[in-house]
Amino acid sequence: MNPALTPTTPAATGPLVERVTELTDLARIPGAEVYLSADEVDYEAWNHVGDPLAEDLVELMRRRKMMGGDLYANARALETEGAPEAIAFFADVETLPTWFDIDALRLGASMGRRNPLGMNIGMHSALPFTYIDPATSEVMGSTGRLSGGSSDYRRRMMETATAFVGALDVDGMLPGGERWIVWVRIRLLHTMIRLGIHRGGRWPLANKGTPISQLATAACTYIFGQHRVNIIEFAGGVVTQEERDGFALMWRWVSRIQGANNQLLGRTHAEEFALQSREHQCFYEPSARGAELTEYVIAGATDMGHFLGSRAINQALSRQLLAPRMTATIPDGDLRECLDVAPLPFAEAVVRTVSVLLKIPNQLTRLKVVRDYFDRNGQQILDRAVERGLQGVKPEYRGTPVDGRPTDQ
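Be aware that the sequence shown starts at 9, since it is given in the numbering used here, and climbs by one per residue.
It is possible that part of the hints are untrue.
[Unchecked claim] Below are the DMTMM-like pairs computed for lysine to aspartate or glutamate, each with C-alpha atoms no more than 20 angstroms apart in a straight line:
| id | residue 1 | residue 2 |
| --- | --- | --- |
| 1 | K73 | E87 |
| 2 | K367 | E356 |
| 3 | K367 | E241 |
| 4 | K402 | D391 |
| 5 | K216 | E26 |
| 6 | K73 | E404 |
| 7 | K402 | E186 |
| 8 | K73 | E89 |
| 9 | K216 | E52 |
| 10 | K376 | D111 |
| 11 | K402 | E87 |
| 12 | K73 | E93 |
| 13 | K376 | E250 |
| 14 | K216 | E293 |
| 15 | K402 | D177 |
| 16 | K216 | E30 |
| 17 | K402 | D160 |
[Said to hold, decoys possible] Here are the computed distance ranges between Cβ atoms for each label pair:
| id | residue 1 | residue 2 | range |
| --- | --- | --- | --- |
| 18 | T88 | E48 | 53 to 59 angstroms |
| 19 | T21 | H206 | 24 to 30 angstroms |
| 20 | D179 | R210 | 41 to 47 angstroms |
| 21 | K367 | R36 | 47 to 53 angstroms |
| 22 | R70 | L182 | 27 to 33 angstroms |
| 23 | R84 | V358 | 46 to 52 angstroms |
| 24 | E48 | V378 | 43 to 49 angstroms |
| 25 | I368 | D179 | 31 to 37 angstroms |
Note that these hints are calculated values from the structure, not bench results. Glycine included, every Cβ here is placed at the ideal spot set by N, Cα and C.
Using the sequences and the hints given, assemble the complete structure.
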């Protein structure tokens with residue numbers, strides 16, 4: 009954590025262990041809505057809090073030997089039995105926050121569906137953006153997910169895309185919906201990984217926080233929301249302010265499903281941006297692991313054949329999407345330097361030129377007939393593309409081994 013940004017407000021006074029205990033208790037209240045201004049939030053303590061509701065449930069499932077088979081179904085069975093841990097978990101994940109606005113979500117989803125190129129290139133920078141947090145990089149490195157030498161990089165990326173594309177199905181993202189269930193499974197997966205890392209006893213950043221902390225989970229809201237709208241616009245997309253806000257709101261909802269406390273998310277877009285800015289600036293720190301994982305993203309995109317497998321174009325695109333104008337939460341930083349993405353002047357000039365040219369055909373999306381077409385067919389187009397990438401094998405979202413030790417047993 010950047011020491012210059014360590015909170016010094018009354019919320020952050022007293023021994024750290026006591027502050028962490030207090031916030032852990034808050035995180036155990038299903039659907040809690042206790043809001044503070046961005047200057048009052050205790051970011052340091054939140055970074056030491058995991059997901060106590062999900063952890064209680066997973067630990068119960070371990071004791072009951074219910075870690076095999078369908079974890080979601082097993083958790084629902086415990087809820088039906090009356091297990092307090094399962095009841096509390098589902099009460100949390102099913103609670104709609106007061107800021108939830110389904111009409112706004114529909115506007116954002118419509119915009120996403122009619123911009124398949126912008127959706128497709130999102131991971132060129134959104135995934136590396138998360139690596140400004142050394143702890144996130146450490147987790148990704150220890151599990152081997154989306155990292156070098158992994159023979160199933162393509163599959164892991166397509167599993168990730170399944171959830172991201174699914175978030176455009178607003179009805180499916182309501183509690184109990186199939187797309188919502190996918191994100192609940194991912195929350196359980198993250199919990200198994202966190203607990204597995206702790207069981208291994210070799211977490212190197214314990215003095216800074218817990219793996220997949222509340223802070224790290226919440227901080228993805230801007231990255232996968234507003235930042236990806238910036239990417240869509242870079243790819244020529246025509247986006248209204250209402251559509252931008254709706255797309256961003258969906259990712260606040262995803263963060264809530266993932267267990268991020270409302271105190272770290274805010275009630276409005278202005279509150280969210282202020283909180284996200286503080287969260288990102290607390291994390292922002294160059295690391296060898298972050299640079300390494302960013303290289304794997306670029307190499308992976310190249311190996312998957314993006315832009316005819318041109319390494320130069322994929323790298324140039326990542327640099328353009330990580331430029332300061334695209335990452336407003338860190339106004340005094342340059343993610344390209346933080347993540348050690350080397351400049352390629354000619355390739356970057358090509359990418360910028362194409363970006364400008366793409367704005368011309370995208371003007372057609374202003375037409376109602378075009379928008380109606382993508383509202384009817386856009387979700388199916390994106391879903392089919394992901395299904396082809398998965399080659400008929402559905403994602404499982406089970407705990408990934410950490411340092412060779414299983415986390416889903």
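Checked hints:
1. K73 <-> E87: Holds - the C-alpha atoms of E87 and K73 are around 16 angstroms apart, at most 20 angstroms.
2. K367 <-> E356: holds (17 angstroms)
3. K367 <-> E241: Status holds; Cα separation ~8 angstroms.
4. K402 <-> D391: Holds, at roughly 12 angstroms.
5. K216 <-> E26: holds (15 angstroms)
6. K73 <-> E404: holds (19 angstroms)
7. K402 <-> E186: holds (13 angstroms)
8. K73 <-> E89: holds (15 angstroms)
9. K216 <-> E52: holds (8 angstroms)
10. K376 <-> D111: Given pair K376, D111 holds - Cα atoms ~18 angstroms apart, limit 20 angstroms.
11. K402 <-> E87: The hint is violated at about 26 angstroms.
12. K73 <-> E93: With a Cα-Cα distance of about 15 angstroms, the restraint between K73 and E93 holds, given a limit of 20 angstroms.
13. K376 <-> E250: Holds: K376 and E250 sit about 17 angstroms apart, inside 20 angstroms.
14. K216 <-> E293: holds (12 angstroms)
15. K402 <-> D177: holds (18 angstroms)
16. K216 <-> E30: This hinted pair holds, its Cα atoms lying about 18 angstroms apart.
17. K402 <-> D160: Distance of about 14 angstroms is within 20 angstroms: holds.
18. T88 <-> E48: 53 to 59 angstroms: Between T88 and E48, where Cβ atoms are some 40 angstroms apart, the hint is violated.
19. T21 <-> H206: 24 to 30 angstroms: For H206 against T21, whose Cβ atoms are near 27 angstroms apart, the range 24 to 30 angstroms holds.
20. D179 <-> R210: 41 to 47 angstroms: holds (43 angstroms)
21. K367 <-> R36: 47 to 53 angstroms: Once the Cβ atoms are compared, 48 angstroms apart, the range 47 to 53 angstroms for R36 and K367 holds.
22. R70 <-> L182: 27 to 33 angstroms: Distance hint for R70, L182 holds at roughly 30 angstroms.
23. R84 <-> V358: 46 to 52 angstroms: This hint holds: roughly 51 angstroms between Cβ atoms.
24. E48 <-> V378: 43 to 49 angstroms: For V378 against E48, whose Cβ atoms are near 46 angstroms apart, the range 43 to 49 angstroms holds.
25. I368 <-> D179: 31 to 37 angstroms: Because 34 angstroms falls inside the window, the suggested range holds.
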